Amino acid sequence: DTGVSQNPRHKITKRGQNVTFRCDPISEHNRLYWYRQTLGQGPEFLTYFQNEAQLEKSRLLSDRFSAERPKGSFSTLEIQRTEQGDSAMYLCASSPWTGLNEKLFFGSGTQLSVL
Amino acid sequence: KQEVTQIPAALSVPEGENLVLNCSFTDSAIYNLQWFRQDPGKGLTSLLLIQSSQREQTSGRLNASLDKSSGRSTLYIAASQPGDSATYLCAVRTQGGSEKLVFGKGTKLTVNP
Chain A
1 DTGVSQNPRH
11 KITKRGQNVT
21 FRCDPISEHN
31 RLYWYRQTLG
41 QGPEFLTYFQ
51 NEAQLEKSRL
61 LSDRFSAERP
71 KGSFSTLEIQ
81 RTEQGDSAMY
91 LCASSPWTGL
101 NEKLFFGSGT
111 QLSVL
Chain B
1001 KQEVTQIPAA
1011 LSVPEGENLV
1021 LNCSFTDSAI
1031 YNLQWFRQDP
1041 GKGLTSLLLI
1051 QSSQREQTSG
1061 RLNASLDKSS
1071 GRSTLYIAAS
1081 QPGDSATYLC
1091 AVRTQGGSEK
1101 LVFGKGTKLT
1111 VNP
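Chains as they are written, first to last, in my numbering: chain A, 1 to 115; chain B, 1001 to 1113.
Chain A with its partners taken away, still in its complex shape (with noise of 0.2 Å):
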């Protein structure tokens, strides 16, 4: 058991440009959220998986934003024509889904500034 793993930790793009980030659940882990942090704010829900399908989108995933969860394993968010607004700490996690209440096991997150 290795954890969750985010990469880039972090990331600097100019505004307009596209950005994509990778997150790798816990080997065996069936569940995978993003969610999305910004200074003194708790995590926002952006969407999840279930193995390969993605179940629910938050109204905060615009058309810029897409995930996607090959195979159900590792996952990727990718948002284009990057604005301001966007700047934030991008955080996955997984978990072995047990049921609504499952623990879950967070990445150490990928810090995106907009220029």
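Hints were generated in silico from the structure; no laboratory data involved.
Do not take every clue at face value.
[Said to hold, decoys possible] Looking from chain A toward chain B, a few residues come up when the C-beta cut is under 8 Å (computed):
#: 1; residue: Gly40
#: 2; residue: Phe45
#: 3; residue: Glu56
#: 4; residue: Leu60
#: 5; residue: Thr76
#: 6; residue: Leu91
#: 7; residue: Lys103
#: 8; residue: Gly107
#: 9; residue: Ser108
[As the list claims (entries may be wrong)] Straight-line Cα separation of at most 20 Å, SDA-like style, residue types lysine to any residue; simulated pairs:
#: 10; chain 1: A; residue 1: Lys57; chain 2: B; residue 2: Gly1097
#: 11; chain 1: B; residue 1: Lys1108; chain 2: B; residue 2: Thr1045
#: 12; chain 1: B; residue 1: Lys1042; chain 2: A; residue 2: Lys57
#: 13; chain 1: B; residue 1: Lys1108; chain 2: A; residue 2: Lys57
#: 14; chain 1: A; residue 1: Lys103; chain 2: B; residue 2: Ser1053
#: 15; chain 1: A; residue 1: Lys57; chain 2: B; residue 2: Gly1096
#: 16; chain 1: A; residue 1: Lys103; chain 2: B; residue 2: Asn1063
Predicted model, so just to flag it, every value in this text is computed and none were measured.
Here a beta-carbon is modelled for each residue, glycine too, at the ideal position from N, C-alpha and C.
Starting from the structure of chain A, add chain B where the hints point.
What follows is chain B alone, placed relative to chain A:
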């Protein structure tokens, strides 16, 4: 819409003191409430999960209680240590379709040696 509030936003205490962090939520129809710890620039670590049918959970020096009907939870930390310094977040999973966690903004705790 579920809203979660945490009071105080920040707390500074001397080492050894017992302390209580508060969390309130507006919709009492929840599956569970969780307390997390977050160190600066890091992800979240789950501390305690209280199911809706439970009143409290304990882990070491931590004790979390839940009063679902009044929409309140407390996290009690006994004999605080400098290593307890972190931001503590509570989150609820609400009944009714979405499986997301709704988080509060957290309480930033500083334990002074």
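Hint-by-hint comparison with the structure:
1. Gly40: Constraint on Gly40(A) satisfied, holds at 7 Å.
2. Phe45: Holds. Min distance 4 Å.
3. Glu56: holds, 6 Å
4. Leu60: violated, 11 Å
5. Thr76: violated, 18 Å
6. Leu91: holds, 6 Å
7. Lys103: holds, 5 Å
8. Gly107: holds, 5 Å
9. Ser108: Ser108(A) check passes; min Cβ-Cβ to chain B is 5 Å, inside 8 Å.
10. Lys57(A) / Gly1097(B): Roughly 12 Å separates the two Cα atoms, so the pair holds.
11. Lys1108(B) / Thr1045(B): OK: Lys1108(B) and Thr1045(B) at ~15 Å, within 20 Å.
12. Lys1042(B) / Lys57(A): violated, 24 Å
13. Lys1108(B) / Lys57(A): violated, 29 Å
14. Lys103(A) / Ser1053(B): Holds: Lys103(A) and Ser1053(B) sit about 17 Å apart, inside 20 Å.
15. Lys57(A) / Gly1096(B): holds, 15 Å
16. Lys103(A) / Asn1063(B): holds, 17 Å
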